[in-house]
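Undergrad: In case you want the letters, here they are:
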Amino acid sequence: MSEVSRYRFGVMLVLWSGLVQPLSAAPLNEALKPLPPVPTLDPAKVELGRRLFNEPRLSVNNTLSCASCHHLETGGADNKPFSMGFDGKPVAINTPSVFNASLNFKQFWNGRVDTLQAQIEQVVISPAEMGSDWNTVVQNLSALPDYQAAFKQTYADGVTAANVQNALATYEQTLLTPNSRFDQYLLGNTEILTTQEKYGYQRFKDYGCIACHQGINIGGNMFQKFGVMGDYFKARGNPVEADLGRYLVTQDEEDRHVFKVPSLRNVAVTAPYFHDASAKTLEEAVDVMFKYQLGRNPNQEDKDLIVQFLKTLTGEWAGKPL
Amino acid sequence: MTTQSRRRFTQVVLGLVTLLLASTLVFLYLKAARDQTASYTQSRDLIRQLQQLNAQWDSEVLKARIAITHNYDPLVTPLTEMTRIWAELNSRDTYHNPTDLSSWQATQAAYQTAMQEKARLVDQFKSHNAVLRNSLAFLPTAEDDIQAQFNRLDDEGRLQLQGVATDTYDLLLSSLEFAQVTSDDRAADILVGLGKLATNKEQLPSEFQGPVELLSNHISLILREQPVVNNLLERIADVPVAERLDDLTTHLDQDQQAADRIDHQYHRYLLIFSTLLVAMLLYLAVRLLRSFAEINRVNRQLQAANETLEQRVERRTQQLKDAQSELLDSARQAGMAEIATNVLHNVGNVLNSVNISADLVTRKLRSSKALGLGKAMQLINEHKADLGTFLTEDEKGKLLPGYLNQLVDAIAVEQQGMTDELAQLSKSVDHIKDIVSTQQSYAGAATLLEPVHISDLMEDALRMNAGALSRHHVTVVKEYAPVPEILADKHRLLLIMVNLISNAKYAMSNLNDRPRQMTLKVQALADNTLQISVKDDGEGIPAENMTRIFTHGFTTRKEGHGFGLHSCALAAVEMSGQLSAHSDGPGLGAIFTLTIPMTPAGSPA
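Protein chains in written order, with full-length UniProt numbering: chain A, 1 to 322; chain S, 1 to 605.
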């Protein structure tokens, strides 16, 4: 075979693959980044984490599991403004999605912990949420031979609080929602978005939403004051402690009303919005953002376009769109 | 005992020295092998990574500051990475010098404090910078919006509001300048501009209110946030994370140097120890070489001694050989002497017979009747004259002729006896001659085979002993089987038979309670052998003597020389035969049996 014919063959191969596989085009270099692949983790730990995620024994009265509030079929949160604690009373803050939580730079609305383990640790002992304590949890789990065996197989020291948290955190690292249409777009399949949606993305960038909602999780990598361009809480009224945001963590006046910028992934299926669940719909939320965060006054068309764009951020879980 | 205890002592000392050396070696090895270089290198590597990430973090902050990137993930990932690396660094057994541990921990704490501070400031920077960048990016658009409103006015209105437009534009410019060079003067300018804008806003138509308000809001935000962002940047730059990392590095370096010093020290000890060991080894080698030399020397000596010994052995062997040959010679001479003795013995035996014969003849001669003849002749001579008368008349004369007749008869008998006796004598002399010639035949080791009648030979042997046998009153019983004439060495056979008969006679010399009887037996055996036995009823042979009776010099008789049986046995062997003895015990007699090959005469010998 001559050099030339091989070269020609190569060219033909490239052309052919270019024709039938538009997906293999180069990823776009944008401020928004595609979702990373699900990490390869110890399957035993993942499985154990999955069981624990659905384990009501984590709560003090065996009523609540993680899955009680974080519905994996519907966006990784519930559709209530405030989820019910173990005692049937609503918690103080809207439940954020568990999906892609591992990509957030900190956990909780006020970012009071850095890791998923710490987040799990706090939720279990929170008097408003699961209301238990770790000794009890470890005791309860140890009492079950099933768990005992599973932990023994997976961890050298069997059932411990750290291992329960580790297993859950490991499982949660697998809770990513890949294959959203926007991710496919970012990966180079530019045909997958409609013109309207592309316009919406353009507006998203032009109006500066992207200033805070960027990176791999489209948010979740910085704190921001709620009400940069106006006093949101005064306008909303009825202030509560949770509105203080990061101030509760740092006691720094700087951090009053400062929250972690939430991820916009799957935003279309995680209503209601904001820590106070004040926005029932995506449109409302977009309005609030424009008014208090961006200080801009866009026309309705642009807002619609942005909402259309936001709906392309919905990914898949277990092979099914959320 | 002392040698043993000293050896045990040496062994114990040797064991102790070995143990001491081994433990020193192990100790030094462990001390020297506790090499923290790898750990140090890894720690240094991790700190270098931290420094790199810190620098990267700084650069990402600056990139965000100048709005090169809108993605804030790069401002998060360095922190995550640094936290991870820090955890890894802490999980290592980095520090080795416990005296300085508190200072190390203080440096670590200082780093963590600095990191926390930096992380907090970077978080704040992200928040403020995002908002600031957003507003700055919005400014031209906001201005465009206002300009658009202006453009929508007619010329007159536009002219009227020209000042406002210019003021707005100036405000925009000073805000953008403020973003580049933040100074109090410019801040004051902007404040004045904002005030003007607020005043101007009153004059503007209502459709201007919204855009102007937005613009002034954003400019206020810039005015508020830009110093904050600048301040944050300065503070971020001031956070001594890099310095703390340098401190950690310095600390590790010092630690490593200290460890190196100790290491060197132990290396030196190890070197000294090795030198010591080498010296010992050399000493031992020298000793070993010396030992080898000694061993070689001793070996050589041994070899030399060996050779000398061999030579001596050879010499001795030679001497022995010589001695042996001498012995052989003497043995030969002794043998010859023995043979001579033997011969003499046999000759003695025969001389006995000669003596007897001579004695007999002498006695016969002495008592010869011939003397009577002399007396008769004297009577005749006295009566010479009257011989007739005397013979016829004289009393005595008358008896004389009768006497003479009787005398003739007696003398004739006498002569006959003496002739017989002399014949016997000459026969004995012949035997002596034969014995001597036998001796000569011994000397020549030759064997003369001649046809022999065994019964004649037996008779000869008996005759040779006849005197002794008759003296001892021995009855001889002869049991001769008819045997053909054979070829044999007559003299040897005779020698053996004479000896055996003589022995048997002697064996019975002390026998008084019963008749002394000797049995001679000749018979031919089936396998072409001839058996001749001499049996006596004498004293017998004790079992303990049975094995010795044929040896040279063995005898039970006072006057014996012990040659007889020995020479008989030898003679039997020389005739290809065998002489054996048997006795049922002392006092039960004995039987000597000679077995020789039977070669009938006339067959080719």
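For the record, the hints were derived by calculation from the structure and aren't laboratory data. The structure displayed is predicted, hence computed values, not measured ones. One or more of the hints may lead you astray.
[What the hints assert, rightly or not] EDC-like, lysine to aspartate or glutamate: derived pairs with alpha carbons at most 20 Å apart:
{"#": "1", "chain 1": "A", "residue 1": "280", "chain 2": "A", "residue 2": "133"}
{"#": "2", "chain 1": "S", "residue 1": "490", "chain 2": "S", "residue 2": "456"}
{"#": "3", "chain 1": "A", "residue 1": "205", "chain 2": "S", "residue 2": "207"}
{"#": "4", "chain 1": "A", "residue 1": "205", "chain 2": "S", "residue 2": "143"}
{"#": "5", "chain 1": "A", "residue 1": "291", "chain 2": "S", "residue 2": "394"}
{"#": "6", "chain 1": "A", "residue 1": "33", "chain 2": "S", "residue 2": "143"}
{"#": "7", "chain 1": "S", "residue 1": "201", "chain 2": "S", "residue 2": "185"}
{"#": "8", "chain 1": "A", "residue 1": "33", "chain 2": "A", "residue 2": "197"}
{"#": "9", "chain 1": "S", "residue 1": "521", "chain 2": "S", "residue 2": "544"}
{"#": "10", "chain 1": "A", "residue 1": "303", "chain 2": "S", "residue 2": "145"}
{"#": "11", "chain 1": "S", "residue 1": "63", "chain 2": "A", "residue 2": "78"}
{"#": "12", "chain 1": "A", "residue 1": "291", "chain 2": "S", "residue 2": "81"}
{"#": "13", "chain 1": "S", "residue 1": "369", "chain 2": "S", "residue 2": "420"}
{"#": "14", "chain 1": "A", "residue 1": "225", "chain 2": "S", "residue 2": "73"}
{"#": "15", "chain 1": "A", "residue 1": "205", "chain 2": "A", "residue 2": "304"}
{"#": "16", "chain 1": "A", "residue 1": "33", "chain 2": "S", "residue 2": "213"}
{"#": "17", "chain 1": "S", "residue 1": "321", "chain 2": "S", "residue 2": "310"}
{"#": "18", "chain 1": "A", "residue 1": "291", "chain 2": "S", "residue 2": "207"}
{"#": "19", "chain 1": "S", "residue 1": "433", "chain 2": "S", "residue 2": "409"}
{"#": "20", "chain 1": "A", "residue 1": "205", "chain 2": "S", "residue 2": "393"}
{"#": "21", "chain 1": "A", "residue 1": "311", "chain 2": "A", "residue 2": "301"}
{"#": "22", "chain 1": "S", "residue 1": "478", "chain 2": "S", "residue 2": "450"}
{"#": "23", "chain 1": "A", "residue 1": "205", "chain 2": "S", "residue 2": "485"}
{"#": "24", "chain 1": "S", "residue 1": "196", "chain 2": "S", "residue 2": "213"}
{"#": "25", "chain 1": "S", "residue 1": "398", "chain 2": "S", "residue 2": "414"}
{"#": "26", "chain 1": "A", "residue 1": "205", "chain 2": "A", "residue 2": "133"}
{"#": "27", "chain 1": "A", "residue 1": "89", "chain 2": "A", "residue 2": "146"}
{"#": "28", "chain 1": "A", "residue 1": "291", "chain 2": "S", "residue 2": "450"}
{"#": "29", "chain 1": "S", "residue 1": "364", "chain 2": "S", "residue 2": "420"}
[Said to hold, decoys possible] Chain A stretches covered by chain S per the calculated footprint, using a threshold of three residues with CB under 8 Å from any CB of chain S:
{"#": "30", "segment": "217-226"}
{"#": "31", "segment": "307-319"}
[Said to hold, decoys possible] Simulated DEER-style distance windows between Cβ atoms:
{"#": "32", "chain 1": "S", "residue 1": "109", "chain 2": "A", "residue 2": "320", "range": "21 to 31 Å"}
{"#": "33", "chain 1": "A", "residue 1": "234", "chain 2": "S", "residue 2": "192", "range": "42 to 52 Å"}
{"#": "34", "chain 1": "A", "residue 1": "126", "chain 2": "S", "residue 2": "42", "range": "20 to 30 Å"}
By construction, the Cβ of each residue, glycine as well, lies at the ideal position given by its N, Cα and C atoms.
Undergrad: Now look at each hint and say whether the structure bears it out.
TA: For each hint, the structure was consulted:
no.: 1; hint: A:280 to A:133; verdict: violated, 34 Å
no.: 2; hint: S:490 to S:456; verdict: holds, 11 Å
no.: 3; hint: A:205 to S:207; verdict: violated, 26 Å
no.: 4; hint: A:205 to S:143; verdict: holds, 19 Å
no.: 5; hint: A:291 to S:394; verdict: violated, 229 Å
no.: 6; hint: A:33 to S:143; verdict: violated, 31 Å
no.: 7; hint: S:201 to S:185; verdict: violated, 24 Å
no.: 8; hint: A:33 to A:197; verdict: holds, 17 Å
no.: 9; hint: S:521 to S:544; verdict: violated, 27 Å
no.: 10; hint: A:303 to S:145; verdict: holds, 18 Å
no.: 11; hint: S:63 to A:78; verdict: violated, 38 Å
no.: 12; hint: A:291 to S:81; verdict: violated, 36 Å
no.: 13; hint: S:369 to S:420; verdict: holds, 17 Å
no.: 14; hint: A:225 to S:73; verdict: holds, 18 Å
no.: 15; hint: A:205 to A:304; verdict: holds, 14 Å
no.: 16; hint: A:33 to S:213; verdict: violated, 34 Å
no.: 17; hint: S:321 to S:310; verdict: holds, 15 Å
no.: 18; hint: A:291 to S:207; verdict: holds, 19 Å
no.: 19; hint: S:433 to S:409; verdict: violated, 36 Å
no.: 20; hint: A:205 to S:393; verdict: violated, 222 Å
no.: 21; hint: A:311 to A:301; verdict: holds, 15 Å
no.: 22; hint: S:478 to S:450; verdict: violated, 24 Å
no.: 23; hint: A:205 to S:485; verdict: violated, 160 Å
no.: 24; hint: S:196 to S:213; verdict: holds, 13 Å
no.: 25; hint: S:398 to S:414; verdict: violated, 25 Å
no.: 26; hint: A:205 to A:133; verdict: violated, 45 Å
no.: 27; hint: A:89 to A:146; verdict: violated, 32 Å
no.: 28; hint: A:291 to S:450; verdict: violated, 170 Å
no.: 29; hint: S:364 to S:420; verdict: holds, 12 Å
no.: 30; hint: 217-226; verdict: holds (count 5)
no.: 31; hint: 307-319; verdict: violated (count 0)
no.: 32; hint: S:109 to A:320: 21 to 31 Å; verdict: violated, 50 Å
no.: 33; hint: A:234 to S:192: 42 to 52 Å; verdict: violated, 29 Å
no.: 34; hint: A:126 to S:42: 20 to 30 Å; verdict: violated, 40 Å
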